[in-house]
Amino acid sequence: MLDDYFRQYGLIAIFAVVAFAVPTSLILASWLLSRFRIRPNNPTPVKLEPYECGVQTIGGPWNQFNFRYYLYAILFVIFDVEVVFLYPWATRFISFELFAMIEMAIFVGILLVGLAYAWRKRDLEWGN
Amino acid sequence: MNCQLASDSVLYANGLYRVVYNVAGSFLPCWLAYLIAGLVIIFILVNAVLLGAAVITWGERRVLGRFQNRVGPNRWGPFGMFQPIADLLKLLTKEDLRPQGSDRIVFALVPILMVAPLILLTAVIPFAKNAALASLNVGVLYILAVSSVSSVAIFMAGWSSNNRYAMFGAARAVAVLISYEVPVVLSLLGVVMVAASMSLGSIVEAQALPFILVMPMAFLVFLAGMSAELNRSPFDVAEAESEIIAGYHTEYSGVRFALIQAAEFGGVGVVAAIAAVLFLGGWSGPWSEYLGWLWFLLKTGVVVFLFIWFRATYPRLRIDQIMAFSWKFLLPLSMINLAAVTLEVFFLRGDDGSLTTADLGIMAAINIVVTVVSVIVFGNLIRDRVTLRTRQPQQVAVPGVPTIEVS
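Protein chains in written order, with the working numbering: chain P, 1 to 128; chain U, 1001 to 1407.
You may find that some hints are simply not true.
What the hints assert, rightly or not - To give an idea of the chain P side of the interface with chain U (calculated C-beta under 8 Å), a few residues:
hint: 1; residue: Tyr69
hint: 2; residue: Ile74
hint: 3; residue: Phe76
hint: 4; residue: Ala90
I should point out that these hints are in silico values taken from the structure, not numbers from a laboratory.
No residue lacks a Cβ here, since even glycine has one placed at the ideal position from N, Cα and C.
Please take these sequences and the hints and turn them into a complete structure.
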């Protein structure tokens, strides 16, 4: 039954509301405790400085980043999109013909060639 | 009002839900009965996660103490069991600072976004036969989708803190998270393929032989990958306290810090539960009709112990070693596992498209050999590159300071 099917997702929606409410209520409780002066709340400029081993921060938090991060992100996107196609295929694979297997082997093979290329070009190394 | 759950409803199988629904439905409108029955189970699930996090913080400290030949917390309550409560009370009464220049909204959202997905993950986990809140037919996809929200939360923490070390920690954490996401997701494909379903209940029922034997390589990849996704030692460069203070949660204090820690330790419990369901057979065991929950808890406990064991045993890896381990070891291994399982399923399946227990046994025998061979081969392939490689730190000039290392 379609109606019944959506009831499960309705339960998850209710669960989501509760799941977000629980940590929020803890933070609110902490705020209430500060209202009733049970927990201290007297921020001073020194306390509010960014924490850095006790010395004053020089410059902001924005630093240059290693370019490697982008390469890994691109590789991640390629393989994660691949997985999106693989999951529905895997779920029904047990009743598929030979054709489906060869087709997916070609698809994964192309991406594996890409991985081999990245490996060969030393894009998987962190240091160079 | 007489509102009873129809016996052909998908929610009928869940005993507790049915009983509460029918009792509430006997004197309340249907939608209210639906809500109340749901809330009763949700109440149990939320408490399971939060209490689980408390028990794991205590257990981890006790067990780590044993590993390191000391006692661990033992003052508060029997065996120091009330230590997590004391910790929570202490953190609740501590000052909750928000550093100057931080992004107010994003900074406040982080602890909520870390705890909420973790609690939501339990919606599909079958604690015993038919005891999941919603036995979705896309259970595995749901788990993968919801669990990846926490990586966004980690990056938000680094981005909003206005702290250089938080930013470094967040960048490292995201790099590690996305690198280990790929092998983990690929390793679960084999499970889905053999069970021919993404519903966790069906996966448990398909395990005439536990999948840890049928595809040991997938379990290995899943365990290593999940240890990294949870930012646990030996993959915890994101919060390496000797280099970048506490990483992405450097600026968090008070109850927000408590929530982030609860998310980390609760994550161990939830991931262990998922591993128990997907690889160790979940609630199946002797008398699983009545003792299913006990087997489930035992298996979860074993996996939690494994995580603690890893933490006590391995020293922290460098970031280049972590990346090499993911892309050059785990990813090829999960690909080999996928190929092996595909071929085995293709040749072993019956005419009606099903696998018998004997078929699973043959798969187990083949896959154990494949696992040993590929672990040795790929281990040798990355070994010298990982251990013998010395790296010159890259130097970058910043006005006012001599030099700093770019992380």
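Structure-based check of all given hints:
Annotation: P:Tyr69 was flagged as interfacial toward chain U, and the flag holds, the nearest CB pair being 5 Å apart, inside 8 Å. Annotation: interface hint on P:Ile74 violated; nearest CB of chain U at approximately 10 Å, more than 8 Å. The beta carbon of P:Phe76 comes within 4 Å of a beta carbon in chain U, closer than 8 Å, and the hint placing it at the interface holds. At its closest, the beta carbon of P:Ala90 sits 4 Å from a beta carbon of chain U; the interface hint therefore holds under the 8 Å criterion.
In the structure shown, a violation is registered for the earlier hint numbered 2 alone.
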